[in-house]
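> Sequence:
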Amino acid sequence: MKLYFAPGACSLAPHLVLLQLGLPFGTERVSLRTKLTKDGVDYRSVNPKGQLPALVLDDGTVLTENAAVLQYIADQAPESGLAPAAGSFARYRLMEWLSYLSTEVHKRFSPMFSPGCTDEIREAAWQTLAAPLTYLAGKVDGERYLMGEQFTVADAYLFAILNWIGFAKFTMSDWPALQAYHARVAALPAVQEAMRREGLA
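Numbering-wise (our numbering), the sequence shown opens with residue 1 and increments by one.
No wet-lab data here; the hints were simulated from the structure.
Every clue listed holds true.
As a list, the in silico DSBU-like pairs of lysine-lysine whose alpha-carbon atoms are at most 35 Å apart:
(1) K35 <-> K169
(2) K35 <-> K2
(3) K2 <-> K49
(4) K169 <-> K2
(5) K107 <-> K49
(6) K49 <-> K38
(7) K35 <-> K49
(8) K107 <-> K38
(9) K107 <-> K139
(10) K169 <-> K49
(11) K169 <-> K38
(12) K107 <-> K2
(13) K38 <-> K2
(14) K139 <-> K49
(15) K139 <-> K169
(16) K139 <-> K2
(17) K169 <-> K107
(18) K107 <-> K35
DEER-style ranges, computed between Cβ atoms:
(19) L36 <-> I121: 23 to 29 Å
(20) G40 <-> Q192: 26 to 32 Å
(21) P24 <-> R184: 25 to 31 Å
Each residue gets a CB set at the ideal place from its N, CA and C atoms; glycine is no exception.
Generate the whole structure from the sequences, applying the supplied hints.
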């Protein structure tokens, strides 16, 4: 498998999950600005949507969208518990989390990293995140991870998203439970290794 990634982007989530599982994979770095790979190839020839991540399987099949990529990787090692068994209610709960993170949290950060973003746009985007961050803080308050004691691919995705708060020059100080959760996930060896490989630590 080959993962197309950009340092600190949402592709950090499948990157750390691949490391967590010890699966064989390669990586290809992509510039978010130019859409070119490190070798100068137009990334849109791999993923016409131009967005990360993309996972190229050994037979050349390309899988995109974090929710799908994360579940596919987890299903390569079902005994890991990174995704509940397909067809179980817990699996639908995981899908619920992945959908929420993608549509209600991830996308609200987009204006902050768009070309031409002003301080006013950045602040307005941050204000829209107050409600989902409060909701997430309530869910992890008293719980180790989003789904209880078991780390799942939803936690990998949330961790990647929460990192953007610092990149955007904000803090989680209003949500101590979320801050503590982020620190717990950051301490996992696979997370530390992914951060190191992406030049983030």
